[in-house]
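**Student:** So you can see what is in the structure, the chains are spelled out below.
Number of protein chains: 2
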Amino acid sequence: MTTKSNLEGTVLSGMRPTGDLHIGHFEGVLRNWVELQENYDCFYFVADLHAVTTETDTRQLRRNTLEMVKDWLAFGIDPNKSTIFVQSYVPEHSELAVILERLINIGALERMPTFKAYVEHLAGDRRVKVPVSESSKETRELHGDERLEFIASSEVSTGFLTYPVLQAADILLYNTTHVPVGEDQLPHIELTREIARKFNRQYGELMVVPDALLSEAKRVRGIDGRKMSKSYGNEISPRHTTTEITEKVNRILTYRKRLTDLGDPFECPVYDLQKIFNKKEDLEILQDCRNASIRCYDCKMKLPDKISAVYEEYRAKRATISDDDVMQILVAGNLKARKVTSQKLDETKRFMLMNYLEEGRK
Amino acid sequence: MTTKSNLEGTVLSGMRPTGDLHIGHFEGVLRNWVELQENYDCFYFVADLHAVTTETDTRQLRRNTLEMVKDWLAFGIDPNKSTIFVQSYVPEHSELAVILERLINIGALERMPTFKAYVEHLAGDRRVKVPVSESSKETRELHGDERLEFIASSEVSTGFLTYPVLQAADILLYNTTHVPVGEDQLPHIELTREIARKFNRQYGELMVVPDALLSEAKRVRGIDGRKMSKSYGNEISPRHTTTEITEKVNRILTYRKRLTDLGDPFECPVYDLQKIFNKKEDLEILQDCRNASIRCYDCKMKLPDKISAVYEEYRAKRATISDDDVMQILVAGNLKARKVTSQKLDETKRFMLMNYLEEGRK
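Chains as they are written, first to last, in my numbering: chain A, 701 to 1062; chain B, 701 to 1062.
The shape of chain A in the complex, shown without the other chains:
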């Protein structure tokens, strides 16, 4: 491991291995991870237990894990600078989570916006009817909170309710000072801070209260304007050839019907990409779009070469990384992670006076 002078703190961040990474992941998360390596002691992990929270079908997990870590390595996450590991191989994550669940009330988790949003998404516009009483065949319709609570109870796994506690354990185990997050994750960091303070009040000052490292929101929408996701088929991949990128970019919906329509670049997914991949012409295009002095097609066609060029080095490097390389790096990373976590969990138990057998263990 290289020694970094003037470290600004410890960073922890994880990614769920749910499928192939697209340019949204690369530009929104990974580029930040690569940069953070220079100034922080970084822990980057495969959040496989979190992946199982939303998808209990695990048949793709191994493949997704290996491919995802290949992407990390090829794009510049350096195992000599950062600790790269798999969550489920570091048992202390689960052990601390079980302890921390005892320190936080159910309501704090029910109030998480991600929980509420998920329940609302599940609920959709379905109508929910329940028997008036246990023995009755007559039914009544549920509304508002009552409807959502019914759906949460009957359709949401306990793991989905408690995963922010597992996240808190992820963070606190490494004495993390900074957690890079998007705005939607801020309530989870706040919960982690609350849990840390609660632990410290009850058992003594052990847990580092982390700060959120809010990264500039780089919006990368899919080519249909929705959230970019492989499952929608609207993604642009850094593994695409220039031809494939051209084809994808060409299909982006731009809203302008005629050349004379004035554009609104901040509403346009193409402009998302110009801001990231074409910084030199960025402001010029902004003007031209608003003035309707550039055709959407011409605007789009500035992109494919540039996007492709950004990932050229990545693609070349990725082709050289084998499954075995990844596994060796993860095995070594798991060991490095466990050095930190086993010590932290020992301290946790010592602070909780649960190290009954310390003498016996020697």
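Read the hints as simulated data drawn from the structure, not as lab findings.
Quantities reported herein were computed from a predicted structural model and do not represent experimental measurements.
You may find that some hints are simply not true.
[Stated by the list, open to error] Heads up, simulated DSSO-like pairs for lysine-lysine below, C-alpha to C-alpha not over 30 Å straight-line:
id	chain 1	residue 1	chain 2	residue 2
1	B	K1044	A	K1036
2	A	K980	A	K918
3	A	K1036	B	K1039
4	A	K829	B	K816
5	A	K1039	B	K1044
6	A	K1039	B	K1036
7	B	K1039	A	K1044
8	B	K837	A	K816
9	A	K1017	A	K781
Assemble the complex: chain A is given as a structure, and chain B must be docked to it using the hints.
**Tutor:** Positioned in the frame of chain A, the structure of chain B alone reads:
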């Protein structure tokens, strides 16, 4: 370890180290544990993570753990026959619990009678008022389920909601075939069976679906007729001298006001004790009490010598067991437990296809 022929299965049971054990624990649970050793491969554990669920103040945990295990050993739990260990020293309990939380919906836990009873106990007859809306100062009173849900959210820890999942992990890790329980714990065994079947359906037949081993309900009420508990000061302890037992038994409330009042032995805490400690005269006393041909005082005074005698051997043996003895037995037991659990968790991950690094681990 002695070899037992004709084993009928594997038993697992735990006890929370919440304070000194009284004769209710000895006769209601421990005597059964001692007997089960002859025909089952038994795992008996200090359920310290469960203890933290209801009491996050851990200052007495170490002392309570050592004293409780001394009681086990002195009463006949034999480390050469059974595996005796501490839950928090076997990380696989937490690891499996976190996985299983992903397989069970929130509602299944909210419906546990222990959860509902605890929330009702917390709620008592308190009135709960909430603002009519977020911005309003006007309030409305909550009733029924809405009131209980409000109290659960704001006052019950997540750990209390999820502890039946930790119990399921406790049980499933050891391929337990039989779980000795009282009637109140039957829903938890049913939940464990449901989780086991769910795992088996999704990932393959790995988990042994356990059966409840319903022990004859030996009711031992405290001397005031309430549940026996040291915190009520109504307990009889196997560590009491005969004089102390006499004093306690004498104070038992018996409901009969005059000698001529006919007794109802099944309503009387003294008769609970006669059934356990005075089996020879049991039926005679039953008649005499119903006929009012025995005075309560005389009935009571048949007990102290008998109770004391039952625990004579226990008391003598207990005085010879040191903290160090207990710690050595627990360290050895933890190792034995982990041999079983680490293999079971490896299999669990293999069935879930989460053993990504098996080759790397060699």
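**Student:** Next step is simple, just say for each hint if it's right about the structure.
**Tutor:** Cross-check of the supplied hints:
no.: 1; hint: K1044(B) / K1036(A); result: holds, 25 Å
no.: 2; hint: K980(A) / K918(A); result: holds, 17 Å
no.: 3; hint: K1036(A) / K1039(B); result: holds, 24 Å
no.: 4; hint: K829(A) / K816(B); result: holds, 23 Å
no.: 5; hint: K1039(A) / K1044(B); result: holds, 24 Å
no.: 6; hint: K1039(A) / K1036(B); result: holds, 24 Å
no.: 7; hint: K1039(B) / K1044(A); result: holds, 24 Å
no.: 8; hint: K837(B) / K816(A); result: holds, 25 Å
no.: 9; hint: K1017(A) / K781(A); result: holds, 18 Å
Checked against the numbered hints listed earlier, the structure breaks none of them; every hint is satisfied.
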